[in-house]
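Novice: Chain by chain, the residues:
Protein chains: 2
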Amino acid sequence: MDDLSVPPHMSPDEFRTYGHQLVDWVADYWTSLPQRRVRPADPPGAVAAKLPAGPPATGDGFASLVDDLDTIIAPGLTHWQHPRFFAYFPANTSGPSVLGDLVAAGLGVQGMLWATGPACTEVETVVLDWLADLLDLPEKFRSRSTGGGVIQDSASSATLVATLAALHRASGGDWRAEGTRRRYTVYTSTEGHSSIEKAARMAGIGDAGLRLIEVDEETLAMRPDRLRERIAADVAAGAVPALVVATVGTTSTTAVDPLPAIAEITREYGIWLHVDAAYAGSAAVCPELRAGQVGLEHADSYCFDPHKWLLTGFDCDAFWVADRAGLIQALSVLPEYLRNAATDSDAVIDYRDWQVPLGRRFRALKLWFVLRWYGAEGLRAHIRSHVALARDFAALVRADQRFEIVAPYPYALVVFRLRGAAPDDADRANAALLERLNADGGVYLSHTRVRGRYALRLAVGSPRTTAADVAAAWDAIRSAADAVAGGSSV
Amino acid sequence: MDDLSVPPHMSPDEFRTYGHQLVDWVADYWTSLPQRRVRPADPPGAVAAKLPAGPPATGDGFASLVDDLDTIIAPGLTHWQHPRFFAYFPANTSGPSVLGDLVAAGLGVQGMLWATGPACTEVETVVLDWLADLLDLPEKFRSRSTGGGVIQDSASSATLVATLAALHRASGGDWRAEGTRRRYTVYTSTEGHSSIEKAARMAGIGDAGLRLIEVDEETLAMRPDRLRERIAADVAAGAVPALVVATVGTTSTTAVDPLPAIAEITREYGIWLHVDAAYAGSAAVCPELRAGQVGLEHADSYCFDPHKWLLTGFDCDAFWVADRAGLIQALSVLPEYLRNAATDSDAVIDYRDWQVPLGRRFRALKLWFVLRWYGAEGLRAHIRSHVALARDFAALVRADQRFEIVAPYPYALVVFRLRGAAPDDADRANAALLERLNADGGVYLSHTRVRGRYALRLAVGSPRTTAADVAAAWDAIRSAADAVAGGSSV
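Protein sequence lines, in the order shown, are assigned to chains C and A.
Letter 116 of the first sequence, counting from 1, is numbered 116 in full-length UniProt numbering, and no numbers are missing.
Letter 324 of the second sequence, counting from 1, is numbered 324 in full-length UniProt numbering, and no numbers are missing.
Please note that a few of the clues may not be correct.
Said to hold, decoys possible - Calculated lysine to any residue pairs in the SDA-like style (CA-CA distance at most 20 Å, straight line): (1) Lys140(A) x Arg290(A); (2) Lys140(C) x Lys140(A); (3) Lys50(C) x Ser143(A); (4) Lys50(A) x Ser143(C).
Rather than coming from a laboratory, the hints here were simulated on the basis of the structure.
Same shape as in the complex, but just chain C:
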């Protein structure tokens, strides 16, 4: 009989035994991926139905936990690390990232303040400077200059933080006290990410203050002429333009907004320019893939997601500002219980003032593991291998007259569709193609609409994806297209 008055903490020896077992479980899981469906066929509720109605009264044995991982959890997942996961943007991780996260979880530090995690804070500052070097970002984003980098959970949160700092600046500092009582406006293209709309809403600007600027029909990039017109009209109408979000690599098609022309406008009007390179930013580790960031020296903030395409597990968004003082002024709240000598000395960074939440994990550790394990050349090889695979795939699509590629593909996303004379029929055929393809479980792609028309997205993202996987995806797409053309039901 257990003594129910003593907490049954896991002993160090138990931790070693079970930890080794689960490290092996993860390695086995990765090795097993090619044999798994990319996503399960089960309907909603199938996993929940297999779980008990409540927690156990006394602890379950570890073996039963592992058993449930094998029989309930893993089979119930969409496998983002699968070599044939081509949907959305990738969220790829790697051995070094997982191990860095393991150590961070074990250390269990909470780095809200420098004082509560000196190494947690300083490694983050250093690693973000390293990343700025690696991507050749403007000097002003470095911690030795007026700016600095910080890890956010995601580009969504980075956009929200940029929106708040922009409001602070646009208000001349009144926003902290007065809120968003004035009619502020935010600008992005019609192809900008949904998180920009969400950030404007959360910041109290409201959907009515969001301006979606037309894009160039061919490149799908924001039209600076339209941006200028809209800003001028808003200013004339008494609104206060606070923020322009330009995108390097849109979610729908990886379109690249023209930063130099946009920056000319934001400088003229004194508007905060945030550049969202959530997906494509990783590509800048390769000098030949930096065209999109020309003009970035005029941006006020910038972000990209190492958790998308730089082998660092979710969540890890790298966010830089040019003026850290402005950001801190916007977000700082200092109650007595967080005061300390280091903060008062002004000699340290307290990252709590750079983000939405107060607390923070030691996320820099996994990034540090990744950068050191791969090195600059290793990361370049990784990006180049995916760009090459995407180009190979595009060549296959181009060679089949039934299909067309509908947007430029400067990175590792190819957006394509079945051609069709009648647009609505073609949309239905493409949707049917995707549904058939994904229902099979052999590959997983997602979709979008480009110029209003349904299109398929194939993003090469997993470090496990090989030429054979891309070829297999193409075979599956062609077979599904045959079936759709033949009129067989899904």
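Put chain A on the given structure of chain C with help from the hints.
Specialist: Okay, now just chain A, sitting in the frame of chain C:
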């Protein structure tokens, strides 16, 4: 010579070898904690100075990473898992939590939608229902009712989400489009957490819309009479009261606001009531520690942090709403590239609409590991052991006439100080006492101000803390008090 065109991915065998090594490293780290200073003595910049100026061109060997963990990272940290860490509120983790996080990192799924992580979503829903059972939360917060639970990164983000949902409701639905152009007001006590002020600011309400309600001099709990007066005055002045945040266990002293009396007011005025039990919520696993949540059935939302006091590593805040439909309406944005059959069917939960960011990790897994490993009785034993240790400590303080306890201690935080006839002198003496105590590195406490006067906080939180650690802390406090009284310099 390495082939620089091939990414040097870590092989499964390398991952097993290094993974075992780092599991052992974590176990050794935990075992080593009593021999370490709780926080380092090094000045700002000491860690950064030991790191290279840039990332390596090609990968570093794994041994050098582990070496840097030993010689730079671990010595440069404030050790939150240390048995003599008594500062702030704890952020305790446990073996099962770390192992659940290891598996989550290895799975690397991103559960923004049910479709992108069916098991990720369903385990979260089930585990939050389990937690609601364990804490005896009102029925309306369960997923089988109108509400449901979701994991946020922290109580700060939970408060922000509650603020946004409250604005949506207070505006009659206009807020999404119109923003916070009206004069909305938010209420909490003068002892409410700084994240409430920050949320109001981020939501565009502005610091001017924040009302800090007086507390009872004795209990430090919000005074409902003052709340009612203030709301009535604001309504009379044309403001729109949107949200009241009541606290169960304030950060400064673990004061408990009177929920029944507060709820009577929020119901009368139709104001959203959010209850923040970030720290104290964990205690409700014990039936005898649920007094603070009487009246919770009238709340619109509730949160607590398993990452503070329920053996689950940061970050893991559990947040419940009574009306999930309202929350989703407030936060939903649905671009084409996120549409999918499951979402359109309305048969699933897409947790992206319950939070600030879009993407999300499989955080429910660590919580599931913890609940299953410990079981309900194990968690109760854990909480009870800390409450008992805190009471033992309070008895020691009470027995020493030099000290006084300045607030009730219903959980595991004791707030106390050196007595003093002249208040300013006493403040200086207490600040000097804390500085001396913490400079030594043997223990780590934090401070606050209670009724304007400086006081020390000792929170028992680490699962490694024993009666001997608490006794040692008291010895150190007495010695430091002797030194301060003797006038020796810090």
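Novice: Does each hint fit the structure? Answer for all of them.
Specialist: Now the hints, each set against the structure:
For the proposed pair Lys140(A) and Arg290(A), the alpha carbon gap of about 18 Å is at most 20 Å, so the pair holds. Straight-line distance between C-alpha atoms of Lys140(C) and Lys140(A) comes to about 51 Å, which puts the hinted pair past the 20 Å bound. Pair hint Lys50(C) plus Ser143(A) holds up; C-alpha atoms about 16 Å apart against a cutoff of 20 Å. A C-alpha spacing of about 16 Å is found between Lys50(A) and Ser143(C), which places the hinted pair at or below 20 Å, so the restraint holds.
Hint 2 alone, counting from the list given before, is not met by this structure.
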